[in-house]
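These protein sequence lines map, in sequence, to chains A and B. Throughout the first sequence, residue numbering follows the numbering used here, covering 1 to 223 in sequence. Throughout the second sequence, residue numbering follows the numbering used here, covering 224 to 428 in sequence.
Hints are computed from structural coordinates only; laboratory data are not their basis. One or more of the hints may lead you astray.
Partner residues aside, some chain A positions facing chain B, computed with beta carbon under 10 Å [unchecked claim]:
#, residue
1, 53
2, 68
3, 70
4, 72
5, 74
6, 76
7, 80
8, 201
Distance condition first, Cα-Cα at most 25 Å in a straight line; then the derived SDA-like pairs of lysine to any residue [stated by the list, open to error]:
#, chain 1, residue 1, chain 2, residue 2
9, A, 58, B, 402
10, A, 206, B, 281
11, A, 58, B, 360
12, A, 206, B, 287
13, A, 58, B, 404
14, A, 58, B, 407
15, A, 58, B, 287
16, A, 206, B, 353
17, A, 58, B, 411
18, A, 206, B, 356
Keep in mind the model is a prediction, meaning the values are calculated, not measured. Cβ coordinates follow ideal geometry from the N, Cα and C atoms, glycine included.
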Amino acid sequence: MLENFSFRTIVEYLPLFGQGLVTTVWLSALSFVGALIVGIVLCAMNLQRGWLFRAPAKAYIDAVRATPLLAQLYFLYFGLPRLGFVLPELVVGIIALSLNSGAYIAEIIRAGILSIPRGQVEASVASGMTYVQRMRLVVLPQAFKVTIPPLLGQAIVLVKDSALLSLISVAELTRAGQLLASDRFMPAEGFLTIAAFYLLLYYCIKGLAVLSSRWLGTAGARA
Amino acid sequence: MIWHQFLSLAGSYPLALRGLGMTVVLSLISLVLGTLLGFGLGILRTGGNRLISIIIGAWVDLIRGTPFLVQIFLIFFILPEFGIELDAFTAGIRSVPTGQVEAALASGLSRWQRMRQVVLPQAMRIVLPPLVGQYVLLIKDSSVVSAIGLTDLTRVGWLVVQRVPNGLLVFFLVGVGYFIVCYPLIMLARRLERRIGAAHGEVQL
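So that you can see chain A by itself, here it is in the shape it has in the complex:
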């Protein structure tokens, strides 16, 4: 039973958990930015008419979606050194998370752009807008609104996925829990504490999602 659950040890290890939490937050944030870039590029390729750009983008998105992140992470972790890139584990992890989430974000953005009624696109073509004007003035502002909630959902997934980086010994939150579990043989203290921290992050992003939907809702009402 858990009658000798030691809060004192948790307090003692609090600096370690704090560091882990901070690392998890900034590496997730960095990976999210990377994923946005990857996603936008992939989506732009995917929306082209010719197959030259479309085919590789589609193949990449399917390959990422049909394989587990852990296998992708190991692929880069064991594979990159073979190609001559010897990088720190943390960098490998950020690359893996960016490349993985990017594929999902590409689909989110695509769904957002395709949600704009065809009539609007035709109307802007008819009124003589260029491609850039059409995108900038008509499609993207509306698509932006539609994509924010699922993007925040993807951010939650990314934060949770970042726990896998502990398996290539990146010193993030889950790693801190593992350390406490193995140093002091206190798995309950270690893993329950990090679970609480992840929940905290989850509710923060969820709160952000609620706020943004309220804000976007009013923005929509004003327009």
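We have chain A already, so just place chain B on it with the hints.
Okay, now just chain B, sitting in the frame of chain A:
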């Protein structure tokens, strides 16, 4: 050099098959249990009792708000402290299904009486695409059980790469294994989605 590695890899194909088998069996059992649990909780949550739906909602948040790896560690390391000894396999299965609740919840199911005749058959059509999508997630998530020492496909890759130091090739092949299992399901989910979209008179752009 490469040829040598190929031979060595070819030699470990029984291990790879066992790993793939483990992944498929683990996923299948979890899929059945998870679907039952998910439907049960989903129906209970919309059953009208506020207390029950609040508890289930909190449980879903708890599961959705923490990484799967952490859940696996919790089950694997902490249940023994309560005198519940699970071998890795059972622990793996226990922890997989919970993520499935959402798909059933997403349908907005209604009361039990109306359930069987009216709601379920119609809800099924709405639930099916995200449910199949959830199965793909489940199969991919099952790779995380390699962290508690189950010899699934990912763990096989990890074991083989210690002998054959070609991470690119080994994990490419691991990826192919997952792709073979997951891609048909992804295609199925897309088809179902399109069919249901067409049934509702939505225009595919």
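So, going through the hints one by one against the coordinates:
With its C-beta approaching chain B no nearer than about 19 Å, residue 53 of chain A sits outside the 10 Å limit, and its interface hint is violated. Checking residue 68 of chain A against chain B: minimum C-beta separation of about 4 Å stays under 10 Å; hint holds. For residue 70 of chain A, the interface hint holds, since its Cβ comes within 10 Å of a Cβ in chain B; the closest pair sits about 4 Å apart. A hinted interface residue such as residue 72 of chain A counts as satisfied when its beta carbon comes closer than 10 Å to some beta carbon of chain B; here the least separation is about 7 Å, so the hint holds.
Annotation: residue 74 of chain A was flagged as interfacial toward chain B, and the flag holds, the nearest CB pair being 5 Å apart, inside 10 Å. Against a cut-off of 10 Å between C-beta atoms, the interface hint on residue 76 of chain A holds, since the closest Cβ of chain B lies about 8 Å away. The restraint placing residue 80 of chain A at the interface with chain B holds, with a minimum CB-CB distance near 8 Å, inside the 10 Å limit. With 10 Å as the threshold, the beta carbon of residue 201 of chain A comes within range of chain B, its nearest partner Cβ sitting at about 8 Å, so the hint holds.
The straight-line distance between the Cα atoms of residue 58 of chain A and residue 402 of chain B is roughly 14 Å, inside the 25 Å bound, and the hint therefore holds. Among the hinted pairs, residue 206 of chain A with residue 281 of chain B is consistent with the structure: their alpha-carbon atoms are about 14 Å apart, no more than 25 Å. Only pairs whose Cα atoms come within 25 Å are accepted, and residue 58 of chain A paired with residue 360 of chain B is accepted, the gap being roughly 19 Å. With a C-alpha separation of about 11 Å, the suggested pair residue 206 of chain A and residue 287 of chain B falls inside the 25 Å cut-off, and the hint holds.
Of the pairs offered as hints, the one joining residue 58 of chain A and residue 404 of chain B holds, with about 18 Å between alpha carbons and a cut-off of 25 Å not exceeded. Annotation: proposed proximity of residue 58 of chain A to residue 407 of chain B holds, straight-line Cα distance about 15 Å (limit 25 Å). Using a Cα cut-off of 25 Å, the hinted pair residue 58 of chain A and residue 287 of chain B is violated, with the two alpha carbons roughly 28 Å apart. For the proposed pair residue 206 of chain A and residue 353 of chain B, the alpha carbon gap of about 21 Å is at most 25 Å, so the pair holds.
Proposed proximity of residue 58 of chain A and residue 411 of chain B is supported: the alpha carbons are some 17 Å apart, at most 25 Å. Note on residue 206 of chain A and residue 356 of chain B: the hinted pairing holds, with a Cα-Cα distance of about 22 Å set against a maximum of 25 Å.
Taken one by one, the earlier hints fail for this structure at numbers 1 and 15, listed in ascending order.
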